[in-house]
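Undergrad: Single-letter residue listing:
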Amino acid sequence: MAEFEPKIVAFVCNWCTYAGADLTGTSRIKYASNVRILRFPCTGRIDYMLLLKAFDEGADGIIVSGCHPNDCHYTSGNFHARRRWIMFRSLCDFTGIDTRRIKFSWVSAAEGAKWADIVNTTVASIRELGPYTEYKIVANNPVKEVSHG
Amino acid sequence: MNIDKRLVRKDSLEKLFDILKQNSKTIYAPFSKNSKVSFREADSFSGITTDYIQTTQSSKEVAFPRNEKILNYSKDKEGMKVKGIDLNDIPEVVLWGVRPCDTMGIGELSAIFNWDYKDEIYNNRLSRVTVFGFSCSKSDDYCFCTSVGGNPGNTQGSDILFTQLGENGDYLAEILTDKGSSIVSISSALFEKTENIEKEKFLAEVPARFEREEIRGKLEKFFDSQLWVEQSLKCIGCGACAYVCPTCACFDIQDEAHGKSGSRVRCWDSCGFSTFTLHTSGHNPREVQSQRWRQRIMHKFLIMPDRLSVYGCTGCGRCSRACPVDMNILEHLISIQEVSL
Amino acid sequence: MTDNLYMPYLMRIERVTYEAPGVKTFMLRFVNDDDQEKFNFKAGQFGEYSVFGVGESTFCIASSPTRKSFIECTFRQTGKVTNALSGCEEGSIIGFRGPFGNTFPIDGWKGKSLLFIAGGIALPPMRCVIWNALDLRENFKDITIIYGARTVKDLVYKYELQEWERRKDVQLITTVDPGGESPDWKGEIGFVPTIVEKIAPSSKDTIAIVCGPPVMIKYTFPILSSLGFTDENIFTTLENRMKCGFGKCGRCNVGKVYVCKDGPVFTLSQLKNLPDEY
Amino acid sequence: MDDLRKRAKELLETSAVKVVIGYEQGTANKTRALFVEKAEDADCLIFDSRCVQNLATYVTKREVKDKGKMAITATLPVMRSIIQLASEFQVNDNNLLVLGITPESKLVEFKNLSEVETFVHQYQIEIDAKNKEMLDKIAKMTQAERWKFWIDELSPCFKCYACRAACPMCYCHRCTVDFNQPQWIPVPSHELGNLEWHIMRAIHLTGRCIDCDACYNACPLAIPINLLTKRMLEDVKINFGSYQPSIKADHLMSTYKPDDKENFIQ
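From first to last, the protein sequence lines stand for chains B, D, V and Y.
Count along the first sequence from 1, add 17, and you get the number used in the numbering used here.
Count along the second sequence from 1, add 1, and you get the number used in the numbering used here.
Count along the third sequence from 1, add 1010, and you get the number used in the numbering used here.
Count along the fourth sequence from 1, add 905, and you get the number used in the numbering used here.
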């Protein structure tokens, strides 16, 4: 059997992490290709439901990344996001969603190397955890073929 | 026709259960969890509860599951493939411990699913269900089966109706249909021949509280009554009443996609929800809760009798028990009867 | 149809016509010839159109039953399903269940004149009847069509309007709401009820078929009545939210009347007996 | 109780309010909401320890609100809900008068909502011992056990939305779960649909839930969904300090502090 290749969805802000990821490329730093990047105007715009939808659609891991505190293009979007992440993470933890699979980070436009590092370590840790089967079982075929009671 | 009456010893019920299992029947029976009694698949006889006036949810799910696939589709290079569900996969089910108000509800539900267009998914499920009714020896303030054409020992809808002869007593079994007889034929030793037993004195007493024909007559002229507004003021618009009801059949059809394949699902819906009749344009024919409450009562006591020749209420009282704000349907029906036009 | 009432026919989108902003017409052909053979419908009936993975949506069959081998539907992009439909290209496969509902009693109208009054996106349910009548033109006396929309852009079936305009055996009056006219607009300007009043069509031996937004209908009925149309000779269609199309899902009833089974076609006299729930 | 009836009567007779929301005797041993609009009906009002339904859910209901100025019989949880609603601009002194009932069952009438606020702030929101024990038990489970626990507990849910309807904070005209463009939450009540619905509900109530248990009491299937909001309440306390609904303060989830913890962010 081929080695498990994790599918990872990255929700990133346009101004810092997306630019940072660009820099990773232009600096020719090689990094794992398991990540699908979704660009948002700001981390403050990343609805927690989107993270759940990523798991629904088969993601094994998620990266959420934006500007460092005090660097937000819109002044405080990342501060708001951070507060929401705190609560969302703890709710996920409480409901048994594997929080090891959701990675939060700050990556600025200048941190091309850090982005590569975040992706590589996330891919490595998800690879170790294996596919997110628990969630997939619930998400994939939720109504039984012939259900009863 | 004379009803075939047999005696089933109290201890024989477990044996009967085992025989059914050996005959690869799936058995649904009442179990208690978090102080709520509900039907679920029974692996063993122990644990089946007998201590309940009425289960929290009705048994309608065996024929009308709350989520039910109606087709699967997949897209690939060759095109679109759509496949209905295979009705042959539906298991043979014994529904154990159903109260007579629920067994009566089966007929009312069937009337909806067979109104001109025959719903074969529903009919196929139902045709594989054998119903073991259990008469009521107890009732509570919510029960009103006798006001809507039922009674605590009603045989309607059961294949076999069991009536316990006194607390801890043996059971009288009335074999009512061919399905019932076929159960007897695989376990005939357990169904003993018996002298005529009168079950009436072992049944709960449920006094009749209203005349449903009279209510139906009033409802004809009641559409614009202020009463709906008054009654529904405390209604908070949830769907609990509809979901526990043995005869509520309203449903939604939803598609569930996963990549290039998915399924179409029929799932329960409730006329109590504000979005139930909402048009995409924003227009809503039933905009406020009083109109939705009116629909609920009208549907059961006027529209169904007029269009389907059956009433849509069996007097099980579940909706009142389940209601988070104590909207008591019996009280409301009585107050409709009492209004002078 | 199969045992499964919910099983749609597979239809291939043969042609997409852009009608007006957000409004498209699909010409649909059955993927399986068998289905095509067996399929029959009458003017006024509707169906459930579906995009697999998104859901079903209810609208009328806009083509005439006299034209076999395809059906057409016209819809405005408003909700989840119509948005998805709008994204479908020629050649894609969609689902169709139907036909459902009652029909216009077109056979009973032989020898009479027909007056069609439509507003905006409500022309499609009527187009079915119009073509049906035009294809059997010798059965009817005068055929008059009064059609209005908010602006010139919003008029649907522009090519057919031109065709009806040219035909000698049809009288077509188009109108747009005041302010909705373009510089080269040659039709009427004014709301549909006003135009009906102005034209004052004769009610003698005439059936009126009215479809449109609720306000238009509301103001058109009294004018027709004053022109001498009886309630039995005024027809319209109702629409309500529905899921199944055959009287089970419990949404579309207006009092005791189910729009999906007893409708969607009603006469004004039937409408007057319905409670105010639509 | 007599005080309450007397006061309700006066308020209605003088037209100071148009409707008094209180409790009456219900079926069996239950109590239920009563809307008194005529002074003579005030005698049906009751109050005792069985009166636990959170009546604040009615002050945002269109049909009730449209009657005019409301007075509400309010226990401590109801008062807390009202303060939270006031901070969200759903009620104000012009449309609501609070007939408070203290934890000692004494009637106190408040002149305005800021008096209610002051009263409410004397009491901390405390999770009861039994539920606290349950929270601890769940916290001690492994992640996989917790997942199984919730999938099992939530699986009977048939999405009747009684929890939403009974909650005073769920007053949105259109709930996220009712949106279909995009379809955030699957409509069918299967495992995924139920899980996402309850996560969504808990998140939307974070920093707003005052722990009245209305959702749990309303659930016809007795699913312990209140544990989710209780856990959120605990975490709000741990992360952002104690929580009290207050009319003027910033909402916990729409504000931030520069030093909010970020030990989980790389």
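Derived by calculation from the structure, the hints in this document are not laboratory data.
Glycine is no exception: its CB is placed at the ideal position from the N, C-alpha and C atoms.
Heads up, a few of these hints could be off.
Here are some chain Y residues pointing at chain B (derived, C-beta under 10 Å) [what the hints assert, rightly or not]:
1) 1047
2) 1077
3) 1079
4) 1170
Undergrad: Which numbered conditions among the earlier hints are violated in the structure presented, ordered from lowest to highest?
TA: Hints 2 and 3 not satisfied by this model.
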